[in-house]
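Mind assembling these two chains? They're in different frames, but the hints should get you there.
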Amino acid sequence: MAAEFAIFFLFAAIAVIFALVVVLHRNPVVGALSLVASFFALAVMYVLLDAPFLAALQVIVYAGAIMVLFLFVIMLLNLQRAPEPPTRPIQQFLGYTSSAFFGIGLVYFIVKYAVTGAPTGQFRATAYDIGVRMFEAYIFPFEMVSILLLASIVGALLLSGRSGAGSRARIGDEVTK
Amino acid sequence: MAFDLTDILLSVLKIAIILGIWLNITPIMVWVERRGSALIQDRPGPNRVGPFGLLQSFADALKFIMKEDIVPAQAHRWLYTLAPTFGLFPALTTIAVVPWGRGFLIPEMTVFGRRLFEGGRWFEPVIADVSAGILVVFALASLSVYGITIAGWASSNKYSMFGAIRASAQMISYELALTLAAVSVLLAAGSLKLTDVVAYQTGYFVLFDAVKLPAWNIFSPAMWLSFLVFSISGFAETNRLPFDFAEAEAELVAGYHTEYSSMKFALFFMAEYMAMGTMAALVTTLYLGGWDIPWYNEPATFLGFLLSFLAFLAKWSFLMFVFVWVRWTIPRLKYDILMRIGWKFFLPLAIVNIVIVAAFIAARWI
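Chains A and B supply the protein sequences, listed in that same order. Per the numbering used here, the first sequence runs over residues 1 to 177. Per the numbering used here, the second sequence runs over residues 1001 to 1366.
Next up, chain B with everything else stripped away, as it sits in the complex (with noise of 0.2 Å):
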């Protein structure tokens, strides 16, 4: 494995662009929550701090930061300190192997007279493209329940603990659904890798040789079932309203984290918005084309990468609105529905979908 410095550098410069997005989701969700929750419950929502309440977000940071750090006498002092950390860290991981748009080749250019990436230099925009894939996001965001568990065990407290428990029995009954749904996509794909998944899904479906669709998963009747169960898996996967019952504050008060305040609390809270945009990138990249613009072939060029990052964004966008829309429009379930949707329907469906994708490649369909 030989690295030269401008390997490194494009490295860092990748991890930069995508850290410092998402730090950003936390505040900007919040807001879009807060003026979305008002704009379907048809009220103003907060509007004081800053043109249309941009800044609330700032405000509340602020609070956060400033409100007393509280450690519940009877807590188990060590693992309260650290569950929250042990929540961010696969929030923070998992999107380093979903690419964010076409990949370029820099030119060779000169630099106050140093010649910058000699014989042009391939840019992936990619943190790490490795062979594991989404197994690798599978893998870490199979940690991420511990954050939680720990939290609820750690606070000594009967609500905390209960969130803790549906927690934990929801995320591993709703991953396996989740995993199975995405085995379809990497079927037809014939890789783990997410590059070769959106790089599967750029070509077109010509219908009746007269419409051509953009070849996006979505757009297969094989993967329809695949889909949804993914996308819903992905609700519940991530705590989400109509599957919250994490925190359902109005039977647990709120759930695991009743203890938590201040940064502590604060943590949580991002943990939970960088899980739905990881959700949402994965749905965008296995069902809806990732990058892909369609009916427009991106040149490698930096204004391809430029205009597929920016369809990446939009298709990411409005996913992450659909999470909003969806959590302020559909009340919250029962338990034992929770749980009897994703043993007894979600994970057939999987299951089902795979032995149909199987089926349309035995056919040589897709």
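Looking at chain A on its own, in the form it has when it is part of the complex (with noise of 0.2 Å):
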């Protein structure tokens, strides 16, 4: 257990220092990896859960495909250093106390909620249990979230692609041209 401990306060720390380097450190690209790195210790947390299937889930979907999308558009941005606008101090003040109380409520919450409510008894996350689960009891659910996900998509297209017939680049045009 001695182990268990160590890494699990190992892995917390690295966890919560990149989180706040995300917020804390200019550069977007540093940001980004260093979420990269957060989601990374957070595996961790669920292999110490026994749970190895989502931890490569979590490594899969969040470090390797959607911060690698971020990664993408703050490179291709290329976001300049821009000065900082001018704050009046009693915006810095309300932004200060009001991400407080947000913490001190979500921690409020956690402790009475989980920590204390935790269930008891087995813990399964395999990937028949989750699969098992997915597509019998919520696979309505499931389905809605996949439809909204495409309806999402098709609107991003719509709204980006170029009005009017004809005028649509296509890829390969500038090489053919």
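In case anyone wonders, no lab produced these hints; they're calculated from the structure. Note that the structure is predicted; figures quoted are calculated from it, not measured. From the three backbone atoms N, C-alpha and C, an ideal C-beta is built for every residue, glycine too. Where hints are given, some of them may not hold.
[Stated by the list, open to error] A few chain B residues that don't get close to chain A, going by computed Cβ distances all over 12 Å:
hint: 1; residue: P1044
hint: 2; residue: F1064
hint: 3; residue: V1111
hint: 4; residue: G1120
hint: 5; residue: Y1200
hint: 6; residue: K1212
hint: 7; residue: L1225
hint: 8; residue: R1327
[To be verified] For each label pair, taking beta carbons as the anchor points, the in silico distance ranges come out as:
hint: 9; chain 1: A; residue 1: G95; chain 2: B; residue 2: W1078; range: 26 to 36 Å
hint: 10; chain 1: B; residue 1: F1089; chain 2: A; residue 2: L69; range: 15 to 25 Å
hint: 11; chain 1: B; residue 1: W1078; chain 2: A; residue 2: G103; range: 21 to 31 Å
hint: 12; chain 1: A; residue 1: I90; chain 2: B; residue 2: F1345; range: 57 to 67 Å
hint: 13; chain 1: B; residue 1: S1262; chain 2: A; residue 2: F9; range: 30 to 40 Å
[To be verified] If the Cβ cut is set under 7 Å, some of the chain B residues that face chain A in the computed set are:
hint: 14; residue: V1136
hint: 15; residue: A1139
hint: 16; residue: S1142
hint: 17; residue: I1172
Right, here's the structure in full:
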């Protein structure tokens, strides 16, 4: 157990430190990479909870797919370090206090509902268990989410496509012209 | 989780064996690549350093170490230095879940008056046989794109940047086809563990009550599409010709590692060959029966382990040669063709194959 505690605190510290870097660092690329490191540390938590399947999914989906796209966009936009617009002291004060209240509230509710009321018994998160749940009990919400995502992709394509027939650029046009 | 010293030492031994092989892939493959290309292009190739130029790789390694290590003035110093390690880390770790031989029982023995392996101990030749199995490979491999992306961005060079963008777009696209193609195999084997996938392939297909074929997935008609998609996507995923747009030297100087020199460049080089090695090991495990020797029932002894390990090495080496063979035979494609193949052919084909395998399972043919 001692080894598990040591690993937990090491990776919890890594997750928290990198999460702070995401917020505090000025360079967006460093921020995005720190988020990847934080996700990775979180995946270690899943392994400690005996759920390697969830850990693998966490890394594949968040670190491997979503953050790559974020990084991609940040690098393509080539964000320059813009001078910070001057802020009023009252805005800073409100920002700090509201986030502090939000944080305290979050901790309060987590302690109240999750930690004290954690279910006892065997925790099972294998591919089989998750698959059966997802495709039997939760098939309707699962399919609804996929339709919602599809609709948002189609909507984004519609909005980004240039209007007017025949003016839409195709991949490879600049080569053939 | 109770460990005793014997378990830990056996794990260390496995890691040492695999790491030893893995770190030596690059020098050996550089030699194979150069001699192989010479063979294909009908010229002698390196033949001055050692017999058949075998020591050429050591000369190359020495050269890498002696070279000046340059960091461009405009580069992001931290990320520029870290990028090669981002690339190397997934390449080194993914092989841990691939089984490389038949498990065997270590008999109880007495060495120097001490009893070792009391009551016998099972030795499974895989470093980590986790239940998430192949997902661990895909998870870690999906991180390898960061090495290339960060290298391209941190170099502050437009060629590097183009190489990085191409590479990441390509790797994200082909990852989908690769994963979906592997789903067919996992569906048939009914497990994510690669040891189970190999065990599933150890039997026989009997044709017309006469011919016995090994039950490797490549011999099953349900897997042909999946094999095709997986192996070709493997080339794209490891950035090898005909899909090496990350470094397309005719257009991008050297792509994402244009600015890198000395050992930092060598690390990218090693990562590329190790990724190739992992891909060859995966194709062997998923489609070519892993360590299975056709028409031979390996006993669960040390001899059986050794023979099966050699069989795995033989299949794996052949696939590694195929990588070289293809590189020097097929010219580079165009980038838009690459993307079109990935999204419009391979992805649908992989999904079609999942349906085919599901139909085969429903009909109880496999």
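Structure-based check of all given hints:
Every Cβ of chain A is farther than 12 Å from the Cβ of B:P1044; the closest lies at roughly 38 Å, confirming the non-interface assignment. No beta-carbon of chain A comes within 12 Å of the beta-carbon of B:F1064; the shortest separation is about 27 Å. Taking the minimum C-beta to C-beta distance to chain A, about 29 Å, the non-interface status of B:V1111 holds against the 12 Å cut. No beta-carbon of chain A comes within 12 Å of the beta-carbon of B:G1120; the shortest separation is about 27 Å.
Chain A leaves B:Y1200 outside its interface by the beta-carbon criterion, the shortest separation being 16 Å against a cut-off of 12 Å. Annotated as non-interface, B:K1212 keeps its C-beta farther than 12 Å from every C-beta of chain A; the closest such distance is 33 Å. At roughly 23 Å, the least C-beta separation between B:L1225 and chain A is larger than 12 Å, which holds for a residue marked as non-interface. For B:R1327, the condition that its CB be more than 12 Å from all CB atoms of chain A holds, with the nearest at approximately 24 Å.
The given range of 26 to 36 Å is respected by A:G95 and B:W1078, whose C-beta atoms sit roughly 29 Å from each other. For the pair B:F1089 and A:L69, the supplied restraint of 15 to 25 Å holds, since their beta-carbon distance comes to about 21 Å. Between B:W1078 and A:G103 the C-beta distance comes to about 29 Å, which sits within the given range of 21 to 31 Å. Taking 57 to 67 Å as the suggested C-beta distance range, the pair A:I90 and B:F1345 conforms, at roughly 59 Å.
Look at B:S1262 against A:F9: about 38 Å separates their beta carbons, and that is inside 30 to 40 Å. Annotation: interface hint on B:V1136 holds; nearest CB of chain A at approximately 5 Å, less than 7 Å. The criterion of a C-beta within 7 Å of any C-beta in chain A is met by B:A1139, whose closest approach is roughly 4 Å, and the hint holds. Contact between B:S1142 and chain A, as hinted, is supported at the beta carbon level, the nearest pair being about 3 Å apart and thus within 7 Å.
At its closest, the beta carbon of B:I1172 sits 6 Å from a beta carbon of chain A; the interface hint therefore holds under the 7 Å criterion.
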